[in-house]
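Chains as they are written, first to last, in this note's numbering: chain A, 1 to 183; chain B, 1 to 178.
Just to be clear, a hint being listed does not mean it is correct.
Claimed, not checked - Not everything, but these chain A residues come out facing chain B in the computed CB check (under 7 Å):
{"#": "1", "residue": "K5"}
{"#": "2", "residue": "V7"}
{"#": "3", "residue": "D36"}
{"#": "4", "residue": "V47"}
{"#": "5", "residue": "R51"}
{"#": "6", "residue": "G52"}
{"#": "7", "residue": "H55"}
{"#": "8", "residue": "N59"}
{"#": "9", "residue": "A62"}
{"#": "10", "residue": "H104"}
{"#": "11", "residue": "Q147"}
{"#": "12", "residue": "D148"}
{"#": "13", "residue": "S150"}
{"#": "14", "residue": "D156"}
Hints are computed from structural coordinates only; laboratory data are not their basis.
The structure presented is a predicted model; accordingly, all values stated were derived computationally and were not measured.
Cβ coordinates follow ideal geometry from the N, Cα and C atoms, glycine included.
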Amino acid sequence: MHPTKNVILSLLFLALCASAQADYSTGFIRYAAEADLSRIVISSEGVRGVRGVDHMHANPEAFAAEGDYVTSGQYGGSKVITKIEEMDGHEVKTVITIRYPRGHGFGGALSNNDIKVYFDGELQLDSPMGYNHRLNMTVSEVTIHVQDKSIIAISDDSFTGVHFHLIEHGEGKVLSLPKKKTK
Amino acid sequence: MRRTILPLLFLASFSYSNAEAYTYLIRYEAEPEFSRIVINWDELRGALGVDHMRDNLDAYEAKGVYDTHLYAKKTKTITKVENMDGHEVKTVIKIQYPQATGYGGAGSWNYVKVYFDGILSVDVLFGYNHYTSMTVSKVIVYVDEEMITATWRDTHSTQEYHFPSSHDEGEVFRLPQR
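Here chain A stands alone, though its shape is the one from the complex (with noise of 0.2 Å):
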C-alpha cells in the first residue's frame, strides 16, 4: 500500500475514534417517599459518563424498585408509575407518565414526561416533569409537604437553569454563580 494511502487511512481511524466517544448520558425521575419528614420528592436526574449510564441501562427493573425510573435507554412505549403514600392523616397519590424517545424530530430524541398529584383523591398539580421541548421548560423537582398540605414546583427557563462545567474543557476555569456579566 503507498505510504501516503496509509498515512491518510490511520487519521480517518483516528478521527472515527475521536467521534465515537461521544457525550454519553441519560436521565431518570426519581421518587422518594420521606415519611419521617413528611414529604415527597419527585426529582429529575441524570446520568453521565459510561460507566454510570451503562451501569443504569443495564439494571433499569432494579433502580425502579429502588425509585429511580430510566426516562431514555429505549425508544418507543411509555410507562405509568402510580405511587399511594398514606401520610399525617393523608393520602398523595402520584402518577408518572414517561413516554420513551421516538426518534421522530421536535424533541423525539428526548423522552415526554408529566406528573399528577392527588391530594386526599383531589387532582392538585398537573405539570410536564423534566424537560420538555415544546414549552422549553424544564421541571426539575416536585415536593409535596404532606403535613404542611403544600406543593413546590421548581422549573427552570433555558436562560436560569443549568449551567454545565467540562473539566476537561474548562482548562482550569472555575465555575463560580453568579456568572459575572459579559459586554
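With chain A's structure known, arrange chain B on it following the hints.
Using the frame of chain A, we list chain B on its own:
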C-alpha cells in the same frame, strides 16, 4: 363580658402560635454506582417534619443531610472526600447559620467548593442568597465524565408554591402557568 373576651384572647393567641414551620436542608450524596456526587439544597415544610429533623440532627448529619436554619450557631464547615473512577473529589460545604442581624440575617449563607483532583473547580454560593437574590439549588459532579453541573434560579420566576387545602381552594396547580 370579661368572661367572653378573655377566652377569645386566649384562643386568638393560639391561632397566632400556629406559625408556618419550615427549614432548609443541604443534602450531600455520593452515588458511586452512577459515578456522581449530588449536593442539593431544598426546603422542608411542616412542624412535624421540622421537629423530627431538629430532634435527630446528628442522625441526619451522619446521612449527609444538614439543617441550615439553626439560629445563631457557629459556622459549620463540612469536608467530604470521595475517590471514584480514578479521581479524587473533595467537597467543602460551609454553612453560616442565620444571625438575625438584618439584611438577610434570617437566612443562612452557604457556600460550596469542589476540588477535582486537587484543583478548585467550583466555587458557588449555595441555596438562597439574599445578597445576590438567587438560589443555587443543586451541584452535581459527574466524576467519570469529568463534568459538573450547577442549577440556579432567581427568586421570583421559577419556584411556585401551591397550598391544596388552605389557600388555593380546589384550584389545580398547572405548569406552565397561564
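Structure-based check of all given hints:
Here the hint on K5 of chain A is broken, as its CB sits about 36 Å from the closest CB of chain B, past 7 Å. Interface hint at V7 of chain A: violated, since its Cβ lies 31 Å from the closest Cβ of chain B, which is beyond the 7 Å cut-off. Given hint, D36 of chain A at the interface with chain B, holds; its Cβ is 5 Å from that chain's nearest Cβ, closer than 7 Å. Against a cut-off of 7 Å between C-beta atoms, the interface hint on V47 of chain A holds, since the closest Cβ of chain B lies about 5 Å away.
With its C-beta approaching chain B no nearer than about 5 Å, R51 of chain A sits inside the 7 Å limit, and its interface hint holds. Interface hint status for G52 of chain A: upheld, as the beta-carbon distance to the closest one in chain B is roughly 4 Å, under 7 Å. For H55 of chain A, the interface hint holds, since its Cβ comes within 7 Å of a Cβ in chain B; the closest pair sits about 6 Å apart. Checking N59 of chain A against chain B by beta carbon gives a least distance of about 9 Å; that is not within 7 Å, so the hint is violated.
Look at A62 of chain A: its Cβ only gets to about 10 Å from chain B, farther than 7 Å, so that hint breaks. Evaluation of the H104 of chain A hint against chain B yields a violated restraint, the C-beta minimum of about 23 Å exceeding 7 Å. Taken as an interface hint, Q147 of chain A checks out: its beta carbon lies about 4 Å from the nearest beta carbon of chain B, inside 7 Å. With 7 Å as the threshold, the beta carbon of D148 of chain A comes within range of chain B, its nearest partner Cβ sitting at about 3 Å, so the hint holds.
The interface hint given for S150 of chain A is met, as the beta carbon of that residue sits about 5 Å from the closest beta carbon of chain B, less than 7 Å. Evaluation of the D156 of chain A hint against chain B yields a held restraint, the C-beta minimum of about 6 Å falling below 7 Å.
Checked against the numbered hints above, the structure breaks hints 1, 2, 8, 9 and 10 and satisfies the rest.
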